[in-house]
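Novice: Sequence:
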Amino acid sequence: MRHNKKFNHLGRKKAHREAMLSNMATSLIMHKRIFTTVPKAKELRKYVEPLITRSKEDSTNSRRVVFSLLQDKNAVTELFQTVSQKVADRPGGYTRIIKTGFRLGDNASMCFIELVDFNENMLSEGGAKKAKTRRSRRKATGDDAVAAAPKAKEAKKEDSAPVKVAEKAEKAPAKEAVKAEKASAEAVEPEVKEIKEDTASTEAEAKA
Numbered sequence: 001m002r003h004n005k006k007f008n009h010l011g012r013k014k015a016h017r018e019a020m021l022s023n024m025a026t027s028l029i030m031h032k033r034i035f036t037t038v039p040k041a042k043e044l045r046k047y048v049e050p051l052i053t054r055s056k057e058d059s060t061n062s063r064r065v066v067f068s069l070l071q072d073k074n075a076v077t078e079l080f081q082t083v084s085q086k087v088a089d090r091p092g093g094y095t096r097i098i099k100t101g102f103r104l105g106d107n108a109s110m111c112f113i114e115l116v117d118f119n120e121n122m123l124s125e126g127g128a129k130k131a132k133t134r135r136s137r138r139k140a141t142g143d144d145a146v147a148a149a150p151k152a153k154e155a156k157k158e159d160s161a162p163v164k165v166a167e168k169a170e171k172a173p174a175k176e177a178v179k180a181e182k183a184s185a186e187a188v189e190p191e192v193k194e195i196k197e198d199t200a201s202t203e204a205e206a207k208a
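Heads up: the sequence shown at position 37 corresponds to 37 in the numbering used here, and the numbers run straight through without jumps.
Incorrect hints may appear among the rest.
[Said to hold, decoys possible] Pairs of lysine-lysine residues, derived as BS3-like cross-links and limited to a Cα-Cα distance of at most 27 Å, are as follows: (1) 42 / 86; (2) 42 / 32; (3) 32 / 99; (4) 6 / 86; (5) 40 / 6.
Treat the hints as calculated values from the structure; they're not laboratory data.
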């Protein structure tokens, strides 16, 4: 029976639930933000905020207590060296839950849970990722198309120039041959006329 048990069991037994919350707390401390369901995030907030409060007092006892719950040396070091310095002036409320909607499939409510004082790091990482995004290949529109048109025409002219030179070189011998034929024909025409005149005169004399 669950008499007087007001916390969320999260559909798990005690050992499974504690192990899951320990792993989630370690991930939150190391990565400063994790993506999970809203009920898990609310239980994680109750679990991790007392650990952050204890990390403000850097003593052997505090480290032993935190390590007994997290079971991760790297997470304990990160908590006492980095996180505790960031939240030194904050009296509480170290985490923030940002709801993102519902998960496809089971319609579970999803959210981000993050450390409040590390919001600047999240924003800088997002800006760096946006700067690295690769532009998609698409047709230029508007001013880009107008600016690209002259360059395309120049490139076409440069590409077509060698072809035109080659065509002219091929056509040059043919033109020279045609000119030579015309010149020879013009030189032969007077001789043909003289022959015709001689034949005409001989025929006239014969008739007389």
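Novice: Does each hint fit the structure? Answer for all of them.
Specialist: Hint check:
1. 42 / 86: holds, 22 Å
2. 42 / 32: holds, 16 Å
3. 32 / 99: holds, 16 Å
4. 6 / 86: Between residue 6 and residue 86 the Cα gap is close to 32 Å, so the pair fails against 27 Å, i.e. violated.
5. 40 / 6: Holds. Residue 40 to residue 6 sits at ~15 Å (cutoff 27 Å).
When each numbered hint is compared with the structure, a violation occurs for hint 4 only.
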